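*Asks:* Model the placement of chain B on the given structure of chain A, informed by the hints.
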Amino acid sequence: MITAQLMTSFIAAAGFGVIFNVPRRALIQCGTVGMAGWILYYMLSQNGMDVVPATIFGAILAGVLSQFCAKLFKMPVIVISVSGIIPLVPGGVAYDAMRHFVENDYYTAVQLSAKVMLLAGAIAIGLMFSEVANQLMKKISRKDAAS
Amino acid sequence: MDRELIANVSMMAGKIMLESGAETYRVEDTMNRIASAFGLEDVHSYATPTGINFSANFAEVTKFIRIQNRATDLQKIDEVNRVSRDITAGNLTIQEALESLRAVAKAKMTFPYLIQIIAAALVSGSFSFMFGGVWPDFLPALISGGVGYAVMLGAAKLIEVSFIAHFIASFFIGLFAMIFLAVGFGDNLDKVITGAVMPLVPGLHITNAVRDLLAGHLVAGVSKGVESILTAFAIGAGVAVVFAF
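Listed in order, the protein sequences are those of chains A and B. If you're matching positions, the first sequence starts at 1 in this note's numbering and goes up one per residue. If you're matching positions, the second sequence starts at 148 in this note's numbering and goes up one per residue.
These are calculated hints, taken from the structure and not from any lab test. This one's a predicted model, so the numbers in the text were calculated from it and none came from an experiment. Using N, Cα and C, we set each Cβ at its ideal position, and we do this for glycine too. Any given hint could be a false lead.
Said to hold, decoys possible - Calculated pairs, DSSO-like style, for lysine-lysine (alpha carbon to alpha carbon, straight line, at most 27 Å):
1) A/139 <-> A/74
2) B/253 <-> A/74
3) B/304 <-> B/255
4) A/71 <-> A/143
5) A/74 <-> B/255
6) A/139 <-> A/71
Said to hold, decoys possible - Okay, the calculated bits of chain A under chain B, using three or more residues with CB under 8 Å as the criterion:
7) 77-86
8) 92-99
9) 114-121
10) 124-132
So that you can see chain A by itself, here it is in the shape it has in the complex:
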């Protein structure tokens, strides 16, 4: 089961890389980062964690790995992080919410929309954490070099 999840999330992230037209040399990295973030989220949520904190952790992992790859391969972080976080993005829930709105089921629709906002916020927070961690690392290492 977990191997199937690994495979499909790699394909999904790399496939989105093609749709977003990432440079060809970055496709493998995109897939790997997406896979890592998704697997962490999947394991956490399967073991009983709520989806919002699980998404935060998944996004942090994907963000940190993207920062790392971006530095290693000298490209903007967004190139890798965009397809890396795609498996976590609440696209399916957003669509579900809108479908319920259109079908006049406002009760479910509003609930799902709130969930979309929470999940999107969780991803944004996770990415920000990784950015902040990166900046802190930079500052600390610069201080080390200066002293």
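*Replies:* Showing chain B alone in chain A's frame:
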């Protein structure tokens, strides 16, 4: 050095990046770096998803440009980033920078349509499985997702309004999924459709919007948010039309 020319180079870099879907703070940062590297002082740039303002030397050079088309093309962002790195490292003269930015703007670097459609199909199938579907859902989601993306590309060529293109594409996704399930191909209609619409859904824009809001780019955040809500609405409506029959 010619201030107008520096401002033009800077604006051009910003325009390409915004049209390719870069975050507004990255656009502003790149423009400021390029302008400072060529010696402009007191540079201010203000980017929103629909336009950029730029000024230098207390508004002595002030420019505005409007952004009409927005897509996601990360390779162009990467290319502009490389040009901007070369400029700040002092490796490019202003003429060379202008030339290479022009080349990036003109270049058509996207993957061929066929490969994009195959990728979208694989994405659809994979997502239907990841979101708790079973293997019998994989193929129907793969086919309807591929067809949906192909229809979207075709419709986007004919119709300028992306809302309509998304609506038509998701209508076809709903139609194909319904037909597949009706002939007993696939297991769970919801999972098939959710997987198949994933290549169209503006999940990335939703996340970017929240990110912009958290970073204090309120105008950019709100406008991106509204754009993505509109797209999600078009997709939901397109599928719901099929359900209504």
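*Asks:* Each hint: holds or not?
*Replies:* These are the hints, each one checked on the structure:
1. Annotation: proposed proximity of residue 139 of chain A to residue 74 of chain A holds, straight-line Cα distance about 19 Å (limit 27 Å).
2. Distance check on the hinted pair: residue 253 of chain B and residue 74 of chain A sit about 23 Å apart at the alpha-carbon level, within 27 Å; holds.
3. For the hint linking residue 304 of chain B to residue 255 of chain B, the alpha-carbon distance of about 16 Å falls within 27 Å, and the restraint holds.
4. The suggested pairing of residue 71 of chain A with residue 143 of chain A holds, with an alpha-carbon distance near 20 Å, which does not exceed 27 Å.
5. This hinted pair checks out: residue 74 of chain A and residue 255 of chain B have alpha carbons roughly 22 Å apart, not beyond 27 Å.
6. Simply put, residue 139 of chain A and residue 71 of chain A have alpha-carbon atoms about 16 Å apart, close enough for the 27 Å limit, and the pair holds.
7. Only when three residues or more bring their CB closer than 8 Å to a CB of chain B does the claim for the segment 77-86 of chain A stand; here the count is 5, and the claim holds.
8. Check result for the segment 92-99 of chain A against chain B: holds, 7 residues qualifying (beta carbon to beta carbon below 8 Å, three or more required).
9. Counting residues of the segment 114-121 of chain A whose C-beta sits closer than 8 Å to any C-beta of chain B gives 4, which meets the bar of three, so the coverage hint holds.
10. For the segment 124-132 of chain A, the stated coverage by chain B is satisfied: 4 residues place a CB nearer than 8 Å to a CB of that chain, which reaches the threshold of 3.
Of the numbered hints given earlier, the model fails none.
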